[in-house]
Amino acid sequence: MNETTGGIAMDDESEGTIKKFMYINRKAPYGTVYALEALEVVLIAAAFDQDVSMVFCDDGVYQIVKGQHTKFIDVKNFSPTYRALEGYDVEKLYVSKESMDERGLAEDDLLVDVEIVDNAKMADLMEDQDVVLSF
Amino acid sequence: MLHTVNKSPFDRNSLESCLKQSKDGSAILFIEDGVYGALANTKYSDMVKEAMKSRKMYALFPDIEARGMQDKVIDGIKMIDYEGFVDLVVEKNAVQSWL
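Listed in order, the protein sequences are those of chains R and L.
All letters in the first sequence, in the order written, are residues 238 to 372 by the working numbering.
All letters in the second sequence, in the order written, are residues 147 to 245 by the working numbering.
Hints listed in this document are in silico derivations from the structure and should not be mistaken for laboratory results.
Take the hints with a grain of salt, since some may be wrong.
[Said to hold, decoys possible] Below, a list of computed lysine to any residue pairs in the SDA-like style, where the Cα atoms sit at most 25 Å apart:
1) R:303 with L:220
2) L:202 with L:219
3) L:195 with R:335
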């Protein structure tokens with residue numbers, strides 16, 4: 238394993254191999270630490286110029302709902318970070334249509350631009366990855 | 147008696163168990179990720195509304211607000227703060243936490 242790249246194969250001369258990394262988010266924010274940890278790891282992969290995509294399904298869709306105010310639970314509101322992902326070239330954000338529907342959520346409830354996809358499309362997207370990381 | 151629910155109904159069956167095993171006249175308080183069970187237009191809204199006919203329901207507002215759900219709570223569920231939580235615990239004597 239290459240110590241400096243965390244196992245990501247790097248070419249000596251060019252920018253190296255680019256792999257498709259997918260981060261699957263299935264947990265609500267704040268109740269557990271999964272959502273925050275996923276964000277940290279996504280930013281690491283993005284720093285290595287990998288092909289990064291994020292999926293929000295099941296309770297993970299609650300991570301990107303607008304209007305989060307955490308002052309009175311004494312926890313950092315990390316939801317603005319999702320808006321900053323674009324600046325790290327993390328622009329492929331996929332949201333499960335079925336998960337949105339059963340929670341009564343619409344695209345307008347979300348704080349970032351996303352692509353809403355159904356279960357079949359989501360399965361295709363997962364199948365297409367080199368690396369899948371689950372949170 | 148006071149029942150508290152702190153898990154999302156989409157993730158665990160805590161809310162369903164609570165509603166099945168609580169008596170008429172009891173109080174149910176949604177806290178932490180449990181507040182997702184207090185929302186309108188979800189898969190679980192009808193189940194909660196039915197239970198509201200015989201039980202008083204509350205939701206902890208700081209947890210609602212943290213999750214950006216302040217405009218989505220089912221009408222008739224009373225929002226309370228931490229002081230209200232303490233008052234409920236004192237008033238209702240025994241507390242069952244559906245973890």
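Hint check: residue 303 of chain R vs residue 220 of chain L, CA-CA at most 25 Å. Holds or violated? This hinted pair holds, its Cα atoms lying about 18 Å apart.
Is residue 202 of chain L within 25 Å of residue 219 of chain L, Cα to Cα? 14 Å, holds
For residue 195 of chain L and residue 335 of chain R, compute the direct alpha-carbon distance and say whether it is at most 25 Å. Roughly 22 Å between the alpha carbons, so the hint for residue 195 of chain L and residue 335 of chain R holds.
Hint compliance for this structure: no hint is broken.
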